[in-house]
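J.: Here is what each chain is made of, one letter per residue.
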Amino acid sequence: MATKSRSPDAAPESGPPAAGATARAAAETGNNRDMSAGPAAAVIRGRRAMAIPPRVVLGLIAAGAAAAVYLWWASTPDVNGLGGWLTGAGQICGLECGYSVVVLVALMARIPPVERGAGADRLARWHAMGGRYVISLVSAHALLIIWGYAVEARQNVVAETGTLLTGYPDVLMATVAWFLLLATAFVSARKVRSKLRYETWYYLHLYTYLAIALAFSHQFADGSAFTTDLAARFWWSALYAVVGAAVLWYRVVIPARDYVRHDFRVAGVREEAPRTVSIYVRGRRLRELEAEPGQFFRWRFLTRGLWWQSHPYSLSAAPSDDLLRITLRDAEGKFAALKPGTRLIAAGPFGAFMSAGSGHPVLLLAGGVGVAPLRAMFATLPGPVTLVYRASSDDDVVFRPELDSIAAAKGATVHYLVGGRDAFPADPLSAPALRELVPGVEQMDVYLCGPPGMTAAAAAALHDIGVPRRRVHFESFEF
Amino acid sequence: MRRVILAVTATVAGLVALLAFKSHSPEGSVDSQSAPLSGVGTGTAGSDTGGANVQGEAGANSVKLAPGERAVTGNVANTNYGPVQIQLIVKAGKIVKVNVLEQPTSTEEDVQIGQYAFPKLIAETLSSQSARIDTVSGASYTSGGYIKSLQSAIDNGV
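So the sequences go chain by chain: A and B.
For the first sequence, the working numbering assigns the number 11 to the initial residue and increments by one for each residue that follows.
For the second sequence, the working numbering assigns the number 163 to the initial residue and increments by one for each residue that follows.
Only chain A is shown next, with the shape it has when bound in the complex (with noise of 0.2 Å):
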């Protein structure tokens, strides 16, 4: 435990001691009361935004795939011989990939109803799943066409690959971004991956925009779905229009907007633990963001080292309408440093968290600086709210004395499971450990927040306890 922030009224070590908004972060949030006016304040102001739950947003792209394979049936009168079948396959397998990088960049779009719905975390899966699968169609398509036409036009595969190339108008291009998503694709693999930096795979990756606009055009002036249904064409490019409006708007348009209209700045930083850091922001009329404990925002710091990152932060405390405060790992000393009246754009807010609870007891799961969104969610959940908080040592536990004050102020229960494995005499999150921890977990609401291998092991010991999956919550971010 870090004894600097043992007096949760002092002010944060890092910012100028002199700085009114300063001060006024750390009598804000310092004390046992949360940013908003009361417990679940957020949630009962909040109106209950559309979200549209995953099973529909999967059978929308369903539908979807679905209407491409259509285009081909409507567009092909017969199927013959060897190269019929291998030009079929592959022009399904075009239609395919042309219909899924649309959906792969609107997974990324960051539309509300989705993210709430599906989580942002899901989402992301989706999109690494989907992008695997695409790389694989588009692959398909093109040696599919090559063998297929040289088939048909008997010639041998070296041949037909000139020829499409050369002859067949808009397919370099699309060649062009063939390869442009195979070198996405190898930089995306696990092991190459894990060799780069964050945002140098994340710029890389943006070269795949590039491509789809590459291998637009050889859809219609190839495509035979296409050449002489303009309905067709009329329908393909109002998808690409929507989505990339989409992503022009979410990902640009409101960010700089809420920007300008915030006006986000850094209030204070103060160190909760070794290399453990809360970020406190000050914003005009935050309320309008409708912000709710356990969500989170990606926060981009404008200044000369940080401008080019941009990563998903949790709110570590309830929002109040001047106030975020937001609680991460600074391992390289980054963000101990940023100065009060830094500026920045605040993305957001995102996360399914919080909406998805039941009515029932809760239980909060934490693991390291994984608490923080659950802080806020425990100063703030009304009804009984059990919180188990694991760390592997005293320095990794943060808002301790945060913590104690707010289960002392509602009468909940806060566990501390600190130390290594040989520190208990059995896994603490085993099914047998947390069912004698917890009694009448197997009735409870479980939001589960930390370190992948924590969250994995713990989803799997609150399977074998019995607590339905619907019942588990949990948002793991493995960039």
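Treat each hint with caution, since some may be false.
[Said to hold, decoys possible] In silico EDC-like cross-links for lysine to aspartate or glutamate, where the CA-CA straight-line distance does not exceed 16 Å: (1) B/K184 <-> A/D232; (2) B/K282 <-> B/D296; (3) B/K282 <-> A/D232; (4) B/K256 <-> B/E231.
[As the list claims (entries may be wrong)] One-sided and incomplete, this derived list gives chain B residues near chain A with beta-carbon spacing under 7 Å: (5) I167; (6) A169; (7) A172; (8) L177; (9) K184; (10) S185; (11) T267; (12) T269; (13) E270; (14) E271; (15) T297.
It is worth saying that the hints were derived from the structure and are not from the lab.
The structure displayed is predicted, hence computed values, not measured ones.
Just so it is clear, CB atoms sit at the ideal spot from N, CA and C, and this is done for glycine as well.
Start from chain A and add chain B according to the hints.
T.: Then chain B, alone, in the frame of chain A:
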């Protein structure tokens, strides 16, 4: 890994099912194919600038000519894949349009090669105003037949 196998299997199964459905379409549907065939690959069909009509034989006698135009029909040129015959529409000694009266259509490949090759051959004909045009790669037999029929039409009098 299980997921990968599942995805690959499902995709291949889906493709095979779709293609199998299409390839088992009854013989009677051949007739309906001639409908999309005419006009296929003719982005400028019917326009005054001179396009091409890829038509079945039925179209041979029903060409509508504008004032000052006349039709010159080439000989049938036999190729390994079937006969090719073209018709030139000539106005003031210039080839303004090429109609394909006959082309190999016995298989889907033939049709597709035709869709791909004829627009190119016709465009070359209109720009060179002669039969000295290059064959389209991947469609050498079709090109050969086209050029033979074109030459005979030019010989018949442009």
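J.: For every hint, state whether the structure bears it out.
T.: Structure-based check of each hint:
1. A hinted pair counts as satisfied when its Cα atoms are at most 16 Å apart, and B/K184 with A/D232 does not qualify at roughly 21 Å.
2. Using a Cα cut-off of 16 Å, the hinted pair B/K282 and B/D296 holds, with the two alpha carbons roughly 10 Å apart.
3. For the given pair, B/K282 sits about 14 Å from A/D232 by alpha-carbon distance, which is consistent with the 16 Å threshold.
4. Our distance criterion of 16 Å between C-alpha atoms is met by B/K256 and B/E231, whose separation comes to about 10 Å.
5. Taking 7 Å as the C-beta contact cut-off toward chain A, the hint placing B/I167 at the interface is violated, the least distance being around 13 Å.
6. Hint on B/A169 holds. Least Cβ distance to chain A is approximately 6 Å, under the 7 Å limit.
7. Interface hint at B/A172: violated, since its Cβ lies 10 Å from the closest Cβ of chain A, which is beyond the 7 Å cut-off.
8. At its closest, the beta carbon of B/L177 sits 5 Å from a beta carbon of chain A; the interface hint therefore holds under the 7 Å criterion.
9. The restraint placing B/K184 at the interface with chain A holds, with a minimum CB-CB distance near 4 Å, inside the 7 Å limit.
10. Checking B/S185 against chain A: minimum C-beta separation of about 4 Å stays under 7 Å; hint holds.
11. A cut of 7 Å between beta carbons decides the hint on B/T267: the least distance to chain A is about 11 Å, and the hint is violated.
12. With a least beta-carbon distance of about 5 Å to chain A, the hint placing B/T269 at the interface is held under the 7 Å criterion.
13. Checking B/E270 against chain A: minimum C-beta separation of about 4 Å stays under 7 Å; hint holds.
14. At about 4 Å, the closest approach between the beta carbon of B/E271 and any beta carbon in chain A falls short of 7 Å, and the interface hint on this residue holds.
15. Restraint check, B/T297 versus chain A: the minimum CB separation of about 12 Å is more than 7 Å; hint violated.
In summary, the structure is inconsistent with hints 1, 5, 7, 11 and 15 from the numbered list given earlier, while agreeing with the others.
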